[in-house]
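Undergrad: Chains W and V are the protein sequences, given in the same order. Quick note: the first sequence uses the numbering used here, first residue 1, plus one each step. Quick note: the second sequence uses the numbering used here, first residue 1, plus one each step.
Hints are computed from structural coordinates only; laboratory data are not their basis. Fair warning: this is a prediction, and the values are worked out from it, not measured in the lab. Careful, some of the hints might be misleading.
To be verified - Listed below are the simulated DSBU-like cross-link pairs for lysine-lysine, each with C-alpha atoms no more than 35 Å apart in a straight line:
id	chain 1	residue 1	chain 2	residue 2
1	W	92	V	18
2	V	60	W	92
3	V	30	W	18
4	W	60	W	96
5	V	30	W	96
6	W	26	V	26
7	V	18	W	96
8	V	245	W	96
9	V	26	W	96
10	W	27	W	96
11	V	18	W	30
There are 2 protein chains.
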Amino acid sequence: MSFAGRREITGFSNPTVKYLRSLRDKKHRKREGKFLAEGLRLLTDARECGRLPETLVMAKGRDPHALLTELEGAVEAHGGEIIETTADILTKITGKDNPQAVAGVFSEFDTSLSALDRSSADIWMVAQALRDPGNLGTMLRTCDAVGAGGLILIDDCADPFSVEAVRASMGAIFTQQVAQADWADFVTWLRAGDGQLVAASLRDAVPYRGAPYAGPCFILVGNESRGLPEEYEAECDLRVTMPMKGRADSLNAAVAGAVLAYEVLASLD
Amino acid sequence: MSFAGRREITGFSNPTVKYLRSLRDKKHRKREGKFLAEGLRLLTDARECGRLPETLVMAKGRDPHALLTELEGAVEAHGGEIIETTADILTKITGKDNPQAVAGVFSEFDTSLSALDRSSADIWMVAQALRDPGNLGTMLRTCDAVGAGGLILIDDCADPFSVEAVRASMGAIFTQQVAQADWADFVTWLRAGDGQLVAASLRDAVPYRGAPYAGPCFILVGNESRGLPEEYEAECDLRVTMPMKGRADSLNAAVAGAVLAYEVLASLD
Chain W
1 MSFAGRREIT GFSNPTVKYL RSLRDKKHRK REGKFLAEGL RLLTDARECG RLPETLVMAK
61 GRDPHALLTE LEGAVEAHGG EIIETTADIL TKITGKDNPQ AVAGVFSEFD TSLSALDRSS
121 ADIWMVAQAL RDPGNLGTML RTCDAVGAGG LILIDDCADP FSVEAVRASM GAIFTQQVAQ
181 ADWADFVTWL RAGDGQLVAA SLRDAVPYRG APYAGPCFIL VGNESRGLPE EYEAECDLRV
241 TMPMKGRADS LNAAVAGAVL AYEVLASLD
Chain V
1 MSFAGRREIT GFSNPTVKYL RSLRDKKHRK REGKFLAEGL RLLTDARECG RLPETLVMAK
61 GRDPHALLTE LEGAVEAHGG EIIETTADIL TKITGKDNPQ AVAGVFSEFD TSLSALDRSS
121 ADIWMVAQAL RDPGNLGTML RTCDAVGAGG LILIDDCADP FSVEAVRASM GAIFTQQVAQ
181 ADWADFVTWL RAGDGQLVAA SLRDAVPYRG APYAGPCFIL VGNESRGLPE EYEAECDLRV
241 TMPMKGRADS LNAAVAGAVL AYEVLASLD
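Based on the provided sequences and hints, a complete structural model is requested.
TA: Rendered as structure tokens:
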């Protein structure tokens with residue numbers, strides 16, 4: 001449902017508005033194989049990574065901006081579609097009270113494990129049953145910061161192409177490789193090549209500072225409420241403990257992953 | 001609006017239901033000086049820290065649970081109020097589709113800087129204009145994990161007593177000291193005693209690993225979008241850089257604070 005060229009939409013009941021709005025729902029995203037990214041900064045990041053939206057939706061009467069003009073030109077030059085609409089309709093599409101003045105529609109990427117090139121980076125993050133799209137996007141952002149190759153999503157995770165995850169990734173959805181797999185397939189894939197699987201654990205673990213990390217290092221983080229299943233921890237090549245000085249016995253999943261990832265980065269650098 | 005004893009509420013229009021529901025709004029929380037915490041785990045954490053709700057709201061027909069029975073007994077013994085209601089009404093109060101079977105009303109704590117005892121810990125976190133209540137709660141959780149004294153909120157931050165912040169803190173709202181102040185008052189307070197102010201920065205900074213941290217160390221984290229104002233960075237005693245290997249030049253605020261806090265912990269331990 002994408003047409004090259006430029007058009008204007010002024011009616012809330014226009015089918016394209018309904019289509020764009022439907023991409024906020026996972027079911028519709030999966031059926032269409034498309035996702036939404038909002039905001040000039042995010043779309044500029046995407047463009048700099050070589051990813052242009054198939055459809056660019058802009059509010060009429062927006063402030064002119066050189067980056068937006070460049071983006072518009074690039075989308076047109078590549079045969080994409082430009083839609084101009086009202087600020088109210090853009091609000092309806094993005095579901096935010098204070099919408100960005102621009103949104104783009106992208107095709108979802110291939111998220112099969114076989115598409116990952118593990119030799120491309122020394123650090124990978126692996127999340128198991130991560131339910132919060134904000135945590136997922138934050139982990140992608142951390143992956144970018146530590147120079148990781150990407151994020152592997154195990155079992156039933158939040159959708160990396162949700163508006164919330166894309167937003168929290170701050171553009172890293174366009175720079176990082178993302179794969180989705182169940183645990184058995186992941187382990188089979190992992191053991192078919194080089195790779196050290198590491199998790200924070202309270203069982204049979206060594207201090208996380210100075211632990212013998214080795215690249216490519218796969219940092220495994222568990223579900224927000226339940227942590228990692230015991231058999232997943234048992235599969236790890238290295239289990240590390242992080243100090244817990246207070247009452248709680250765990251950190252936020254994205255925080256735990258980041259503290260470990262920075263430790264691995266310092267160790268391998 | 002709290003009455004010792006036990007009563008049952010079955011009507012949606014009951015004024016107590018409206019009152020409890022109103023505590024989801026900051027304006028009403030501030031007027032009443034009360035906040036809501038949801039879930040048996042959170043309320044049990046609070047009790048173990050010596051904090052009992054003034055009012056305990058429970059769904060009728062809930063599964064029996066020894067911890068809930070203990071909590072109920074403790075609230076009654078301390079002259080608190082017990083309200084039994086329907087699952088539907090509890091859903092209305094908490095605003096969640098899948099509510100916890102129990103919620104409690106607590107009095108907000110004193111959040112003046114003068115109530116902080118800086119000698120009680122070697123690590124403190126300081127957040128400037130932190131807008132996301134989930135990030136705020138996550139920082140409290142990290143404070144607990146690294147044995148920090150608490151979190152100081154500078155300028156216009158999210159409300160630490162919001163339902164989202166309390167939930168993300170995983171109980172740390174009950175263990176950590178929390179203060180609110182504007183920048184000028186904070187600096188005056190800080191410079192009246194010992195304390196090293198540290199921030200992640202790109203200007204005039206040293207690597208964060210092995211930097212000369214000293215306790216009590218105050219780790220300053222800036223706003224999610226804009227980072228720290230330049231004059232706030234200039235006030236810092238130590239500016240550190242963290243590796244940024246990718247396209248982005250910053251981490252999620254709660255993540256950046258946590259990576260720094262674990263580094264400070266390792267350095268001071």
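Undergrad: Now, for every hint given, state plainly whether the structure supports it.
TA: How the hints compare with the structure:
no., hint, result
1, W:92 to V:18, "holds (30 Å)"
2, V:60 to W:92, "violated (39 Å)"
3, V:30 to W:18, "violated (40 Å)"
4, W:60 to W:96, "holds (17 Å)"
5, V:30 to W:96, "holds (26 Å)"
6, W:26 to V:26, "holds (32 Å)"
7, V:18 to W:96, "holds (27 Å)"
8, V:245 to W:96, "holds (32 Å)"
9, V:26 to W:96, "holds (20 Å)"
10, W:27 to W:96, "holds (20 Å)"
11, V:18 to W:30, "violated (40 Å)"
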